[in-house]
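Peer 1: Now for the letters of each chain:
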Amino acid sequence: MSRQAGAGGEAARQIGAPRSRVDGVAKVTGRAAYAADHALPAQAHAWAVRSPVAAGTILGFALAEARAVAGVIAIYTHLDAAQTLGWSADNPALAASGEALGRQAMAQAEPEPPPFYQPLTGPEILFAGQWIAVVVAETPEAAREAALLVRAEIAPAPASAVLDRETDSFVSPGFFFGAEMQVARPAAPPADAVTLAETYATPAQFHHPMEPSATVADWRADGVTIHDSTQGVWAARAFIARSLGIEADRVSLHARYVGGGFGCKNQMWPHQALAAHLSRALGRPVRLQLSRADMSVASGHRSQTSQDVRLTAAPDGALQALAHVSWLPTSLRGNFFEPCGLNSMLLYATPGLDIRHHVARKSIPSPTVFRGPGETPGSFALECALDELARRLDVDPIALRRRNYAMRDDYHGRDWSANRLAACYEQGAAAFGWPQAPTPPRARREGRERVGIGMATTAYPAPALAATVRLRLRRDGPLAVETSATDIGTGMATILAQAVADGLGWPIDDIVVRLASTDYPDAPTAGRSKSTASVLPAAAEACRMLLERLRALGPAPAPESNRAPFHLLDAAGLDELVVEGSSTGMPPGTDLSFYSFGAHFVEVRVDEALGRVRVSRVVSALDCGAIVNPKTAASQIKGGIVFGIGMALMEKGEFHPAAARLVNDNLADYAVPVHADVPEMEVIFVGGADERFNAFGARGLGEIGLPGVAAAIANAVFDATGKRIRSLPITPADIVG
Amino acid sequence: MRSFDYLRVDSLAQALAALSVPGSRALAGGTTLVDLMKLGVETPARLVDIGGLPLATIARDGEALLIGALASNSAVAEHPAVLRHAPAIAQAILSGASGQIRNMASLAGNLMQRTRCPYFRAADWPCDKREPGSGCAAATGSTAHHAVLGVGSPCRAVHPSDLAVALLALDAEVHVAGPAGPRRIAMARFYRLPADTPAIETELAPGELITHVAVPVGDLAGRSTYLKLRGRASYEFASASVAAAIRVEEGVVGAVAVALGGLGTVPWRDVAAEADLLGRPLSRAAVDRFCDALLAPAQPRADNRYKLDLARGAIRRCLLPDMMEETA
Amino acid sequence: MPQPATLTVSLLVNGRRIAAEIDPRRTLLDLLREDCGLTGPKKGCDHGQCGACTVHVDGKRMLSCLKLAACADGHAVTTIEGIAGEAGLHPLQQAFIDHDAFQCGYCTSGQIMSALEALADPALTTRAQIQEFMSGNLCRCGAYNGIVDAIMDLKADAQL
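Residue numbers (the working numbering), protein chains in the order written: chain A, 1 to 737; chain B, 1 to 328; chain C, 1 to 160.
Everything labelled a hint here was simulated from the structure, so no lab data went into it. Any given hint might turn out to be false.
[Said to hold, decoys possible] Here are the simulated lysine to any residue pairs, SDA-like style, with alpha carbons at most 25 Å apart: (1) C:K155 <-> A:R617; (2) A:K631 <-> C:M152; (3) A:K723 <-> B:D303; (4) C:K155 <-> A:P18; (5) A:K631 <-> C:P91; (6) A:K723 <-> B:E326; (7) C:K155 <-> A:T29; (8) C:K60 <-> B:A81; (9) A:K723 <-> B:R232; (10) A:K631 <-> C:D98; (11) A:K631 <-> C:L89; (12) C:K155 <-> B:E78; (13) A:K631 <-> C:D157; (14) C:K155 <-> A:E682; (15) A:K723 <-> B:R305.
[What the hints assert, rightly or not] Label-pair restraints from in silico Cβ distances: (16) B:A45 <-> A:A155: 32 to 40 Å; (17) C:E86 <-> B:G52: 33 to 41 Å; (18) A:T584 <-> B:A123: 48 to 56 Å; (19) A:E110 <-> C:Q129: 51 to 59 Å; (20) B:P206 <-> A:G283: 47 to 55 Å; (21) B:A123 <-> A:A155: 19 to 27 Å; (22) B:A45 <-> C:K60: 28 to 36 Å; (23) B:E131 <-> A:E110: 40 to 48 Å; (24) C:R16 <-> A:L59: 51 to 59 Å.
Think of the CB as a built atom: it goes at the ideal place given N, C-alpha and C, for glycine as much as any other residue.
Make the full structure from the sequences, and use the hints.
Peer 2: Shown next, in the form of structure tokens:
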């Protein structure tokens, strides 16, 4: 064992090295405990009952049969939840819930915002799938049986879940996701301008992380302990505490292992608080795990979009005007809508700009953030339209994008902190073997398959928030790194170990990383690709502080000693040294635009006679600043590409038009990519530290793998077949039709 | 899942006796039944676990391949005699479900699996198949994955089995045991069209149990193939599938068998259309005429008309050599 | 309503004899998770659509969510918790770590239990064959490349 804190420079540098995950052993042995893996003594099991109708009024319940099921402890509905559970719609926690996201933007368009949705608080049905009862029983079997036997009498009312641009009433919301949602920058196009105007559509999509959300709550006299499946432990604690009406420090919340999130565990949803209310009412631990069907209706989704893109260009391809008008639903009481125009505001240089978002309230569960919210569906429209323009002008699609390269962020009026998108085009095209000159569609055929290629740009902002990391150096234990940041599969635990190993010159194998607990200092919710840039600088600061404290204890013994820091502790009579380092979020005092960029290159093979489309090759080149861990970073990008394959070729929430109810609320009918759908993918990081962003030069990369992928695939399908498909997903019916 | 009594039986006689009690259902691999019980769609009062019965043998018996009802789908797909004499069966099985399910599910269970119509699979949609008289949510909903052939009034739930399509093309017979003794049912009449009684799916009488399936061995079956089309590359039910075998002698069709999956409320075949192809020179035009006849009874809606194109493409791919496929 | 009748089942789980008094409705997955404390097998869909609950029964991979525990009576079950040797990780577990064959880890035990069967099947040699073989195990994080790499890596070792 070699421990040489402060010795400096001896150990191999960890930052930038392709390290295997430090929590790998826990994950490959089944020892990693996710929320629902926690089984507490006398734990009861909760199961929700969903409304089959999309609108109407609950007239009453017949619960005798359900209550008679052996093992049933209690059944709660809106008729008694307030009294028995202290569960109400007048709950301050709702302002911090997923229902509230977008409230300010919508409030600018709606003079009287509707009240927040809260299930089990009233007879009104707002969407199909709304929870109308919750059963608690001794066993999961009893809870599920009773749930099947809960009879609700509902007077149904008409409802509509699918956008109708002709008849729906739309409002035009204001500032959201750091940008105005209505932007106009007029410019007069030249007389010889070419105009392309098309409408693109993306369907409702579901996050479906492999782990359905779950909350295990254990209420005790002195507080409540929660095992939760969340991307943000401090936010979840605040939400649950406010809902219970208790001080936040009486809620202890843990989420060390989270089985994927992709946004659906980013915001707060009713089940997280409900489990705690149930435990308090029953005086025993309660586990509430959402069913796979619940995951479509009770923790958000990406809504459908309908987007008009109008590109006006000079004959040489120079954009004169870019209009991107999005028509979007939100729920009757919620506020989130897809900000599809975000990339269109700044990714290409254009004198004229017209970005609009119009939102209609529909009888759907509230949509929410989903990997690349806005950028993902927006890039499908924008990057397909650019491909169509390139075809119209008979120019190479990369050349068209280079012709309109944004030398700075014109929307925000700022310079890029760093922008290596040109290198992404260059290196990606070279690795892919992109042709020098454009070829007409249907030009290439191999055997029975038509082969096509397509590309698209991706971009995603690089935010950062304040975070704190604690280092705990004990005489008798490993060096512990503690922060409440979550690792939902991102690799946070691993890059923290790398950062601390480098910061202290400490062997990485002698570092334990403790994450995702309210026992540890505050860090932001994992989401919007901000964790790396938020947490690592805090870790670096903690390392500096620890070294300082060690130096203050006295001169280090001979550097060849493996026990140098421990001798210092011994000599000082200390059992442990604890420091907390914090980061400040965005670099102060800079007036720069921080973005990551990339380009996806895709090859598809289409068997037209059989309606079969398969993605056969993907190369993605990305500028995400310096890469902390090329291994986990590449995995995350590949994960985004796989989402893009699903988005392009299979994923579609299907609503029954008359019932306004989601039909495919399961993993057989809502198809996501399987092994056989996914080719070997090549991920290139073009490198280049973004030193104006943070000392590591690193930007996050959770989202950027996804935007643009579906467009690149659709563009490749056009190249292969000559069919321009503007409504996702591209199905066999589109190919043979 | 509703409560039930569980009874394990060790012999066919015990099984038949137990299944004669109303409310009893046979349980083998459980991949359909347990799934539907969790959904509240199936609510048997008693499960009779027949998993231990000695009905898993696969053997050649004279001019037939006998496949035991409890042979796992994996065992059938891997069996050398199946691969040699009825490759379409192995291909059909391997194109269906997942390896885990194929290891669990039995041959008979595959034939008895229920439709994947989403309205059937959730107890709170109207569905005449699940709950006669409740209506049909598909009548007013998306039917992109529903049947175009054998549509009832109004049930258009697709039969999901790949295996059944192969067995239909290969003229297999289902052997059953029951209170009235053993009998054989040809695959061609094993499944019932929904007509006005979509809840009744097969010719099996109450209390009857499949014991094995007999597949005639012959030159045609030995050259059979199965082609399955679907949106994602694997682990998905068919948008369209074809089990086919053809023998061409000096350019002329000597023998042909074609069954369709993914299009019908039951696995679909038209022997009269096949007979019309016999003796004709094999050409794209001849195959297209065959497809016209086979698909003539189709009642597509706008959202599932594409299945007819898929079926035509798949049939051409199976029957025609490469060069003929694209030239009309 | 009367208490449902219970059943006694006895099975070998990771080589240990387990006897339990169960509700006939209990699935093998819930038996493992709730009664045996083996939470490696995961509930991803509970309807046989995701593969996260994959275990081996008598040496064959199966979906424990669709198997009634009663039907496992008298059989031998192996879960992810039972595959490492005395000396440490099973080589496949190590290969999963080396190839970054997971992100969140929730599907991982199911992927590994399926992949073990792939390793044992000499007929599977190509990447495409392994992809098809593994397609019953969904991974929403999209770690598919790494999973196939891990399997191919061990297949290559076996050839040496």
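Peer 1: Hint by hint, note whether the structure agrees.
Peer 2: Right, here's what the structure says about each hint:
1. C:K155 <-> A:R617: Since the Cα atoms of K155 (chain C) and R617 (chain A) sit roughly 23 Å apart, the hinted pair holds (cutoff 25 Å).
2. A:K631 <-> C:M152: Holds: K631 (chain A) and M152 (chain C) sit about 18 Å apart, inside 25 Å.
3. A:K723 <-> B:D303: holds, 19 Å
4. C:K155 <-> A:P18: holds, 23 Å
5. A:K631 <-> C:P91: holds, 20 Å
6. A:K723 <-> B:E326: Given pair K723 (chain A), E326 (chain B) holds - Cα atoms ~19 Å apart, limit 25 Å.
7. C:K155 <-> A:T29: holds, 21 Å
8. C:K60 <-> B:A81: holds, 22 Å
9. A:K723 <-> B:R232: holds, 20 Å
10. A:K631 <-> C:D98: holds, 10 Å
11. A:K631 <-> C:L89: holds, 21 Å
12. C:K155 <-> B:E78: With Cα atoms ~21 Å apart, K155 (chain C) and E78 (chain B) stay inside 25 Å; holds.
13. A:K631 <-> C:D157: holds, 22 Å
14. C:K155 <-> A:E682: Status holds; Cα separation ~22 Å.
15. A:K723 <-> B:R305: holds, 18 Å
16. B:A45 <-> A:A155: 32 to 40 Å: For A155 (chain A) against A45 (chain B), whose Cβ atoms are near 34 Å apart, the range 32 to 40 Å holds.
17. C:E86 <-> B:G52: 33 to 41 Å: About 35 Å separates the Cβ atoms of E86 (chain C) and G52 (chain B), which means 33 to 41 Å holds.
18. A:T584 <-> B:A123: 48 to 56 Å: holds, 55 Å
19. A:E110 <-> C:Q129: 51 to 59 Å: At 56 Å between Cβs, range holds.
20. B:P206 <-> A:G283: 47 to 55 Å: At 49 Å between Cβs, range holds.
21. B:A123 <-> A:A155: 19 to 27 Å: holds, 21 Å
22. B:A45 <-> C:K60: 28 to 36 Å: holds, 31 Å
23. B:E131 <-> A:E110: 40 to 48 Å: holds, 42 Å
24. C:R16 <-> A:L59: 51 to 59 Å: Holds, since R16 (chain C) and L59 (chain A) (Cβ atoms, about 53 Å apart) stay within the stated range.
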